[in-house]
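Asks: Take the given structure of chain F and dock chain S to it, following the hints.
Protein chains in written order, with our numbering: chain F, 2 to 156; chain S, 419 to 798.
Misleading hints may appear alongside valid ones.
Which residues of chain S face chain F? A few of them, derived with a C-beta cut under 10 Å, are [as the list claims (entries may be wrong)]:
1. 479
2. 506
3. 557
4. 740
List of simulated lysine to any residue pairs, SDA-like, C-alpha gap at most 20 Å [unchecked claim]:
5. F:55 to S:563
6. F:52 to S:569
7. S:552 to F:50
Over 12 Å on every C-beta distance to chain F, these chain S residues come out as not near it, computed from the model [unchecked claim]:
8. 459
9. 466
10. 470
11. 481
12. 510
13. 610
14. 698
15. 702
16. 703
17. 761
Derived by calculation from the structure, the hints in this document are not laboratory data.
The C-beta atom is built at its ideal place from N, Cα and C for all residues, glycine as well.
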Amino acid sequence: MKKTAKKNSAARPRTRPAGRPVARRAATAGVSRRAAPAPAAVPVRIARVAKGKKPQYFSDPAIDKLLWMTLTLMEELSVTRDRLDAVENLLEGRRVLKVADVDAYRPAGASARRRQAQRAAYVDRMMRAAQAELEELTGRDMPRSEAEVVAAVEA
Amino acid sequence: MEPFKQHDMLPESSHDEQARQDFVMAFRGHLSGALMPGAYRVYQQRVEPAFRAAHGRPPADQEEVRQVMTQDPYYQFWSAMQRRSQEMLWESVIEPTERQLPQLIGKSRKLSKKTLAKGRKGSLRLDPALVVPKYHTAADIHLQPGGYHTDFTADDVAAGVVYDKGINIYMGGALGPENNLTGDTLVAYIREKHPQFEPARILDMGCAIGNCAVPWARAFPDAEMHAIDVGAPVLRYAHARAQALGVPIHFSQQNAESTDFETGSFDVVVSHIMLHETSKSALVRILKECHRLLRPGGLMLHLEIPRGKTVIEKFMHNWESYNNNETFCRYMTNIDLKAEAVKGGFDPAKTRVDEFVPKLDVAQMNYTENFFWKILAAHR
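Same shape as in the complex, but just chain S:
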């Protein structure tokens, strides 16, 4: 696996800070590799049979599975440790970030003024009047304290720094040296399915630190790359980070449900594991906005994580929903994304949900466990 890249906007970790991050990664690797599969086994061997004995039928849905699994001692123990590992993950990166925050803010100010190769330059447009939607402010998504949107000081970049280092540990390094896996995967999708498509203007919605926008901008260097998010601190960081990586991207603080971009002004609109962090009503509004922003013939692509097929798979995949503040996941599991896109204005004949594993070796993800990405794709 290619090691995580230490670019200019990442803090240094002292020996012990690094050791703490290394421990969390090893601990989480063990939890997911050795202990999590055991939860499926206890379900098959004792939880499901006990349910059948009591009700004369298997659990009908993930909610019924939840009622009984959360009483099982093996599941309880794994689940409680998994939760703690997530909290430890953020703690381990918050410490070095907090320690170096003034320097990091200074660097971000400097980097935002830098002119890149060929005289190009990214930009940042913040909107202090923007109301951060409730699905962000009600609970901190992924348990990151303060979420994507909290400023702890003036010109804050902490949420972005913490997120960049945190998601690397979260995925056990599988996101790649620049947390580029999901961006590269969707780029691989467009290359495979639409090899002729050469977009001139691309929009990434819910970009957070721009780790997916960067692969898009690199794949289409002549395109004008835009990226939006509701969180100011992640955007400041995203801008500085892209500048540090030498990639010109135009970031702006906007809600994907309603943007100020002109109608029909984009060739491609994308998002990467973003939809499940919104809400039932926001989902349709976002798809409607995608429809508005695309030029005729333009392409909408949303990358999502599948949430299982059997009731136990759905329950286990939704661990994040009940324990990691990804609250909307449990509802998204039962939502037909194609039907939502049609509600948003897309033609059913030009809309599809694909199960996708890239043919290209885009990153380091281990695809052996029947894993695939779910992609909502639609032509305007």
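Bound-form chain F, shown alone:
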């Protein structure tokens, strides 16, 4: 009996017949978009860019944009660290783990190898910015110019 009830409730969202009133719980869970009685109001968008003339700070405007992105990444990393801190503290509060255990954690064996491989792949992805230029120069069968590529497709 229990088993069947569970199965039914899990399948309900997909098998609900058309026109059937939406369960109140589903509405609050935000899954009722299609069955909502009135069309949802278009969310208001507040402008993100201020009117005015933005100064150029560096000799190349690309540097201005790169700094913009760097600082935004810095912000998001700070947010992520805060969030990790929140997760650790909540888990400790619920006796799932101790924050000190995280500090003391040293991966070994397969865990250490997996982490090492992940780290190397990450470094590789980041450093491809430089690697790509090098491969363009030294890679096998690399075209020597854009004209060579254009000639190949025009032929």
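Replies: Just chain S now, with coordinates in the frame of chain F:
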């Protein structure tokens, strides 16, 4: 420092939204505390000596300092980061505001109907026909997208919500739990300099979210408190916010250059760091209007931020003018406020510009760096 007060009209921030705001505050604290003083040092050690070597004299004014400082790599880097921090500041508060905007508008409608203690009640009078002056519409002041005046939806309060949370971060929390520092400072001024003065009718010009009008209304609870601004969304918010704080204030959408209040109908007319957000011609018109609105013996008080004495100080203080859309600042630096007040009709013998640091512990501002407020004070 007393924490920022979460009143009814402020949105909630999710964990990550709060973390973003916390980051911006910490980042800006570092920029102004650790990196900004370095700009003075590079000026003294390499920029000014190079200028002397080339011209046989030091830079004559802030404009000449600007020509050379904006070429200095240290200054460029600090300045670009400072600019980005200001943009990030608004982004960090716009996100939670946008997410909760329909609820906030609903709350403001409800709060505006609320009757406060002793049967008192604030009011809101908007003027859809009011033309928002060009010094607001040409560029968004402080880089707040949409400025004080843009409605993004019907009955919008977003500009006010964003401003309230934003200026708290802007000042690193130093404005106090209700962004009350500047209002409290001017109240402290009147208490110190004119202890007998008990105004019955007070007007706050350029009130924005009413964060300065609230301290005035609290300091003089029997007075009738009026506050005006040109921005509709900040006024809707200001009204709801004052109601939420239980302070009766009468807000109306009016340009301080020309209001519909009766001549001689106020005992005190004040503004708080507002004059530098106007224009050369508006400044005189506003002072003239203050003169008209005050009863004989009434008091005009405008709080302003000093803009430095040496050329490098003037240049650095005017960073906001060139990088933060406070365009009029650079002109105000060289304007004699007393002379302008006299042009507006005030008696030179009854007009003064004071450098003021409150004796009372009015707020949490750190006054150690020779900081003082500039106050234009005049009796009618």
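Asks: Does each hint fit the structure? Answer for all of them.
Replies: Comparing the hints with the structure gives:
no.	hint	in the structure
1	479	19 Å, violated
2	506	6 Å, holds
3	557	3 Å, holds
4	740	7 Å, holds
5	F:55 to S:563	13 Å, holds
6	F:52 to S:569	15 Å, holds
7	S:552 to F:50	19 Å, holds
8	459	19 Å, holds
9	466	21 Å, holds
10	470	24 Å, holds
11	481	15 Å, holds
12	510	8 Å, violated
13	610	38 Å, holds
14	698	19 Å, holds
15	702	25 Å, holds
16	703	24 Å, holds
17	761	29 Å, holds
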